[in-house]
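*Asks:* Line by line, the protein sequences are chains A and B. The first sequence: position 173 = 256 (the working numbering), numbered continuously. The second sequence: position 58 = 141 (the working numbering), numbered continuously.
It is worth saying that the hints were derived from the structure and are not from the lab. Being a predicted model, the structure only gives us computed values, none of them experimental. Be a bit skeptical, because a hint or two may be false.
Derived Cβ-Cβ restraints for the label pairs, each shown as a range [stated by the list, open to error]: (1) GLY97/B with PRO373/A: 55 to 65 Å; (2) ALA166/A with GLY394/B: 40 to 50 Å; (3) GLU421/A with GLU314/B: 46 to 56 Å; (4) LYS316/A with GLU314/B: 25 to 35 Å; (5) GLU376/A with ASP368/B: 40 to 50 Å; (6) GLN268/A with THR365/B: 43 to 53 Å; (7) ARG110/B with GLN268/A: 52 to 62 Å; (8) PRO379/B with GLY297/A: 18 to 28 Å; (9) ALA426/A with PRO379/B: 43 to 53 Å.
Even glycine gets a Cβ: it sits at the ideal position worked out from N, Cα and C.
Protein chains: 2
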Amino acid sequence: VPVETIAWQGGHAGHVRLIEQTLLPLRHEVLEVKSVPAMVDAIKRLAVRGAPAIGVAAAFGVVLGAQGRTGRTAREVLDSALAAADELARSRPTAVNLFWALERMRAAGRRAAERGPDGDAVFAALFDESAAIHREDREICRRIGQFGAELLRDGQTVLTHCNAGGLATADYGTALAPIYVASEQKKRIAVYADETRPLLQGARLTAWELLQAGIECTLITDGMAGRVMFEGKIDAVFVGADRIARNGDVCNKIGTYSVAVLARENGVPFYCCAPLSTFDPTLADGSQIPIEERAPEEVTEGFGRRTAPPGVRVYNPAFDVTPARLVSGIVTEVGVIEAPTTAKVEAALRAGGRSA
Amino acid sequence: VPVETIAWQGGHAGHVRLIEQTLLPLRHEVLEVKSVPAMVDAIKRLAVRGAPAIGVAAAFGVVLGAQGRTGRTAREVLDSALAAADELARSRPTAVNLFWALERMRAAGRRAAERGPDGDAVFAALFDESAAIHREDREICRRIGQFGAELLRDGQTVLTHCNAGGLATADYGTALAPIYVASEQKKRIAVYADETRPLLQGARLTAWELLQAGIECTLITDGMAGRVMFEGKIDAVFVGADRIARNGDVCNKIGTYSVAVLARENGVPFYCCAPLSTFDPTLADGSQIPIEERAPEEVTEGFGRRTAPPGVRVYNPAFDVTPARLVSGIVTEVGVIEAPTTAKVEAALRAGGRSA
Chain A
84 VPVETIAWQG
94 GHAGHVRLIE
104 QTLLPLRHEV
114 LEVKSVPAMV
124 DAIKRLAVRG
134 APAIGVAAAF
144 GVVLGAQGRT
154 GRTAREVLDS
164 ALAAADELAR
174 SRPTAVNLFW
184 ALERMRAAGR
194 RAAERGPDGD
204 AVFAALFDES
214 AAIHREDREI
224 CRRIGQFGAE
234 LLRDGQTVLT
244 HCNAGGLATA
254 DYGTALAPIY
264 VASEQKKRIA
274 VYADETRPLL
284 QGARLTAWEL
294 LQAGIECTLI
304 TDGMAGRVMF
314 EGKIDAVFVG
324 ADRIARNGDV
334 CNKIGTYSVA
344 VLARENGVPF
354 YCCAPLSTFD
364 PTLADGSQIP
374 IEERAPEEVT
384 EGFGRRTAPP
394 GVRVYNPAFD
404 VTPARLVSGI
414 VTEVGVIEAP
424 TTAKVEAALR
434 AGGRSA
Chain B
84 VPVETIAWQG
94 GHAGHVRLIE
104 QTLLPLRHEV
114 LEVKSVPAMV
124 DAIKRLAVRG
134 APAIGVAAAF
144 GVVLGAQGRT
154 GRTAREVLDS
164 ALAAADELAR
174 SRPTAVNLFW
184 ALERMRAAGR
194 RAAERGPDGD
204 AVFAALFDES
214 AAIHREDREI
224 CRRIGQFGAE
234 LLRDGQTVLT
244 HCNAGGLATA
254 DYGTALAPIY
264 VASEQKKRIA
274 VYADETRPLL
284 QGARLTAWEL
294 LQAGIECTLI
304 TDGMAGRVMF
314 EGKIDAVFVG
324 ADRIARNGDV
334 CNKIGTYSVA
344 VLARENGVPF
354 YCCAPLSTFD
364 PTLADGSQIP
374 IEERAPEEVT
384 EGFGRRTAPP
394 GVRVYNPAFD
404 VTPARLVSGI
414 VTEVGVIEAP
424 TTAKVEAALR
434 AGGRSA
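This is chain A alone, in the form it adopts within the complex (with noise of 0.2 Å):
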């Protein structure tokens, strides 16, 4: 494991440690979380965020909500838990791995529910819930990097956005899962990683992670990554993604759109890397995804200081959505969707146990 990027702290009583990524890199400390309001300011501050990392953050902020005293009944466990799932659903609009991960619990405590009248066992099918869904994230991540690495030969050059990797994840990341796995069987690869403006999560989170795992990364601020891909220097580009369409359109860390164009402009293959927790089989094409609009001080003031003008307008959106036709492939934990279609999407989602 790269970084212990959030995990559950003790038994039924205990809480979530998640790492504070807003210090990084200067500062790597640990929070502990122990209430619903806590988690949710916490996704909120991007103390946690990448979209699989935002799903098991969710699920044990379910089982926050739902601890309390034993003896409660079936009702009042359920109660509690769909209220926490209510008020984490508010936290952040565009990950849908966060509205999934809701779901799956808002449906094991129900089951639970049906069950029998006693609240201790609903608590327990949540817990055990929520450790499903963060022991699964980090076996999806790793059949991520399986199947990602195929794609990579020794010696070659990847260019990431954003931070898709163990930080935003429960283990290896999506994106930069490949490259991890790639390292163990002994191919060199190096990373061009784009700062990722406006909060820098390519410089903080992705160049940190990639050093700690010793493998050599060159930040370049986000206006490069055209000029690195026009000098021949990269081989291949991985990102995440956010929500993806049932069309393969990606909604991912704003500037990824433009990373795809410059992609194909240069003839570099385009890769998504994401779980099939991340598809939104509901949405025909990415035109329906929600796109957070963030604060402007994160673009006048995102380095502590102020950068622009007082009374400046500003347009911050969090996220864009490449097109399909931009997208060489999907690597999911059931293979590559290769140069993606509705059909191709629907039918990896099946393979994957989800209705499309």
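Mind docking chain B on chain A? Use the hints.
*Replies:* Frame of chain A, contents of chain B only:
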């Protein structure tokens, strides 16, 4: 005049006043430059930047180098001027206006020295040539603005990268000149400004001077340029240039190539605005333009505090090259070179009295 970027203060014994651009937008201070080393330092630090302004600064710098007691010989004054020109030529490698202005100053000094032994006459010729370069830059900006304004209709929105405004020239700027002229013509033009990492010339300078001029400006990070084009918000892109090859390949601030590729992908016209002095007819294409690489700290500590892990590698090219095929037109003081080719560029240079 939106702002007085650079000016000569006083007569033959005077000095240069320029806006200390590294302090904008939070502080608007004037730097008094009284020696060649001080001017070299101002150019290297980007206290004065933008290809046309660098040309004017270099010309004034030669005058500073040629200053001295009266009664010197022509040879003495010329040697001082030539030594100053050599020193100034080492300040920055990419913007060709620097070398063009220095060559004009050298030629003016040599012509005067050939006319007779009077050093004061040589100095006067140098002084007059620098004043002419400064005055012509202003006239050229206006003409670029007039030709460029014809490309803009009332209610349109322009995206620009870096700062090719008044702060990059002695007057209206190059890329922003069409916007200023169109505004004078009562067209309402709005601007999206790329912040332009690493040094944030868009956030610090373009946003500042557009707000000063009362023009609506929305600041975005560089990775958002593709998204706003994808959303249909942009009618045209206007950028400046640091050097243009004979075939129309445009070297400009890093990130410009990305904007050009994204504009083409989204059917948005991409215009480069530059005086003929920015053309380098000695270069057949852009592959031969020297690209300045700057310090890694601009990327890792660009905002006064470290934002990347210690030990990370950094690639920091200050410029990139946009192939001519992506350029809809180059707006010059002799008109718009549409879909530039070597033949069209050579014709424009001849029209402007420059040998191609």
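*Asks:* Look at each hint and say if it fits the structure.
*Replies:* So, going through the hints one by one against the coordinates:
For GLY97/B and PRO373/A, the hinted distance range of 55 to 65 Å is satisfied, since their beta carbons lie about 60 Å from each other. Checked against the hint of 40 to 50 Å, the pair ALA166/A and GLY394/B passes, with Cβ atoms roughly 46 Å apart. Take GLU421/A and GLU314/B: their Cβ atoms lie about 28 Å apart, and the range 46 to 56 Å is violated. The supplied range of 25 to 35 Å is met by LYS316/A and GLU314/B, whose beta-carbon atoms lie about 30 Å from each other.
Against the hinted window of 40 to 50 Å, the Cβ-Cβ separation of GLU376/A and ASP368/B comes to about 41 Å, which satisfies the hint. Restraint check, GLN268/A to THR365/B: a C-beta distance of roughly 49 Å satisfies the suggested window 43 to 53 Å. ARG110/B and GLN268/A have their C-beta atoms about 54 Å apart, which keeps the hinted 52 to 62 Å range intact. With their beta carbons about 20 Å apart, PRO379/B and GLY297/A fall inside the hinted range of 18 to 28 Å.
Roughly 47 Å separates the CB atoms of ALA426/A and PRO379/B, a value that falls within the hinted 43 to 53 Å.
Hint 3 from the list above is the single one not met by this structure.
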